[in-house]
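Engineer: Single-letter residue listing:
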Amino acid sequence: MRNEQPVFAAVDRGTATTAVSLVGKVAGRWRLLGSTSGPAGVPEEALLERLRGRLATVDPGTAASLALGAAGSAAGARRLSCVTGAAPEMVVVAATERVLKPLAAAASTAGWRVRPLVLDGAEILAVATALADPRVAAVLAGASDPPGADERPLIGDLGQLVAAATERRPDLVAVLSGVLAEPGGRTEALFQPGRPGPTVLAPSPATGGGEPLRALLDGLRGGEPDGRRALAIATATLADVLQRRVEILEIGMTGAARIAAGWAPGETAVPRVALVPEAALLPRSFSDAHLEAVMSWLIVPLDRLRVRDRLRELALAPWGDAAGDGALLRLAAARAALARLLAATPAFDELPPADLVVAAGGVWAVAPGPAVALALADTYRRAGVRGLGLDHARLLAPLGTIADAAERHAVMTELRDDLLTPLGSVAMPAGLRAGRSAGRLVIRGAGGPAVLDLAPGGLELVDLPPGERSIVEFDLRDPVRFGLRTRHVALEVAGGLGGLLVDLRDIPLELPRRLERRRELLASWQAALWPEVEA
Amino acid sequence: MTRQRAAADWLLEIPVRRLLEGGLEGRFPLPPGDRPLVDPGSAVLAGDPLLEHLRDRRIVEVDVVSTEADRPVPGSRWTPPPGRRRRDRDVEGELLAPVPGRGNRWRLITGDHRVTLPSPVAGVVTEVRPGAEIRVRSEGWSLRAAFAAGTAARGTLELATDPFGELRPGGIDVGRAGSILVVGSRIDAEALTRARAMGVRGIVVASLPGKELRDFRASERRQLAALHPAPPFGVLVLEGALRRPIPGPVAALLERFAGQEVALLVDPPALVFGGADPAPAEADPTWVRIRSGPNAGAEGRVLGPAGLWRFGAGVHIEAAFVEIGDEDRMAVPLGDLERYA
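So the sequence lines, in the order shown, correspond to chains A and B. Take the numbering used here: the last position of the first sequence gets the number 535, and nothing is skipped along the way. Take the numbering used here: the last position of the second sequence gets the number 1341, and nothing is skipped along the way.
One or more hints might be untrue.
[To be verified] As a list, the in silico DMTMM-like pairs of lysine to aspartate or glutamate whose alpha-carbon atoms are at most 20 Å apart: (1) Lys101(A) / Asp120(A); (2) Lys25(A) / Asp59(A); (3) Lys1211(B) / Glu292(A); (4) Lys1211(B) / Glu1166(B); (5) Lys25(A) / Asp417(A); (6) Lys1211(B) / Asp303(A); (7) Lys1211(B) / Glu1190(B); (8) Lys1211(B) / Asp288(A); (9) Lys25(A) / Glu414(A).
[Claimed, not checked] Reference excerpt, derived from the structure (chain A facing chain B, CB under 8 Å, subset only): (10) Gly38; (11) Ile124; (12) Leu161; (13) Glu167; (14) Arg168; (15) Leu305; (16) Leu316; (17) Ala322; (18) Gly324; (19) Val533.
To be clear, the hints were calculated from the coordinates, so they are not data collected in a lab. In this text, all values refer to a predicted model and were calculated from it rather than measured experimentally. All C-beta atoms, glycine included, are put in the ideal place defined by N, C-alpha and C.
Hey, can you work out the whole structure from these sequences and the hints?
Structural biologist: Here it is in structure tokens:
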């Protein structure tokens, strides 16, 4: 890319929308010239031409210098493209519920839609029917090693049923784990060698906290230019470029990703990745529980039947009805999806806290930045202080497709000011005691110090525009957890569209059970950050 | 010339909905135990037997005597050897899997009640996957829909209401038996079950709310569990869950095929106009329909791009100006529009 055209297009093709960005060399540096998105069926050339036309109108000089002045001239620009498709389906089968749970947990964070089956007490016919379903691409069968007394009588059946399913469907990928994965063992011998679908001997979910099994299952999905894999690569580079610990929370139409990458001088960061289809905006397994979760975040008074119908419409045309009530419904569904993503990835909570949390995915495209900041603060409840950002142009994943690490690093370094929309910072102490006042906060900014009284359970908003930094000093009555347990702490925070959120609410967030009271409370928090909304 | 090209380029930003599609591949479930009656590559006519369906699938264990050259395979058919005097002498079915540690003992899927399901479409069988599905590439043109429920069916297309109308249970009588009814903007579960009881083969409707869909599916499950097999009956929903009329170009198409035999497919959801070539007319590229949002269902002419436009809740979205009837032009989000091709 270094010695080629001074412009390239970054294309992120999702299942719902396609995002296109135009990036060009301006004054010797790569800069984001514009970004847009459209429904998935719209050709990317049309979106690219929209961007080119806009640039030529607004800044004809730059357009001319990049040879983008004439209609259609962007069509020849180099593309960095990635595609995010629907997650494939995997049957996870074990003798008992006890064994199934860790297997299903590993598969469901490896980008597979999981259909869990337990042999104990189940009808064999139902299990065989599920294994024969043409929508199922792979089966993961597992047992403890050594097998428990509860599963021993069923292990023979387990192997025979899965082996029989692969004889019916030779293309079915079979993954054996635990005692079933003994090389040259009795179970492996049941499977025909040389069939089109491989038989894979996998590590037990108990090995390495399940990460080796998860990584293997992720690799079996195929699809190298996968957008979420590229996003993970870009996250590691971003952490390196910013020299900060970064966590990405991506919500898409058919899946979600949680990616954490640390940074250490002279080391290449290896990101921790979880791809969770069940945390999609509207998962295929959408049930009453999912509906309730969306309802619990909704501030508009719509009844359950109406919300269900509108969500169904959203599934049919994810790019439609994005304004007014539709935007609020979308953000409520996004919060519910984010909560599912965080609940499905508890291992990430053991990692050091992130300095910067970034929202990514098409679902955030139409919401104002401050509303996205609040959605992150509502759901990502970890004590500490962190910056919040938004991958507004969906540029990270396409940049992750740059194969050469040094080149990727160089491009992202030059683009660092354009990659993310700064949403602000959130300060979230834990362990506050109930009472009238928890203490005070002194904000030392460019306009002089300001003092804020801290009321437990409240959400305070401090105006801190993008580009500004400020020192905040917490002076609390009792020790609280900010990572460390302390009463006095001074921190530097960065501004953003949402400013500084001083979040003194419970961790985890407790909302009133009564629907009206809950809506009222959510609307009051949202009013300051999304004033155009009429609840 | 340049101006015309620019206008055409801009229209590409509006999502396109294909009105008709050729060579649609219909999928018909073939769960373990069901027997395919067709082979890959064979041609089928509408009404030809497609598969034998077991209504009361169960598993029995049988002794399968085999030779090295004639190894039993899961998914293959099995019948008892002649002259056999064991309990399983009348059992016939599909081999599922060996019983572990029991020598020649196998699990067999069998049942007593079998029905032959006919193909609702004429076409070519592209794939037969025992235990999974049969695929048939249909002849003629197809109209895709949003979703469907029930089973694939075939019947005479009849227009029961106008595109904006709603069919009440009282409006369905036995005179509609054997037809696939187009019922306008919506229908409720009660009318659907009455239609099925009156011998109607299918319903084509613009929208079906989630509650009605759930009620209908529950009724369908009870129907399938009944002793006697019910004739096929399907519901094809063209648009979605929220009420709106059948789109004008689709209504015109259905009107054109009224009185002819059509097939209603469930997977994928579609209406197949068999045999005859409807020779789709050239669609007006500037004619658009508002698919979602406050004006959902309205149709008009798109005038030009409006750029980033501020809508409700302070949301900024790419929009276009649309003229609907005699009303003033309005800005509509591009994502809410669709045009036909």
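Engineer: Return the numbers of the hints above that this structure violates; sort them in rising order.
Structural biologist: Violated hints: none; all satisfied.
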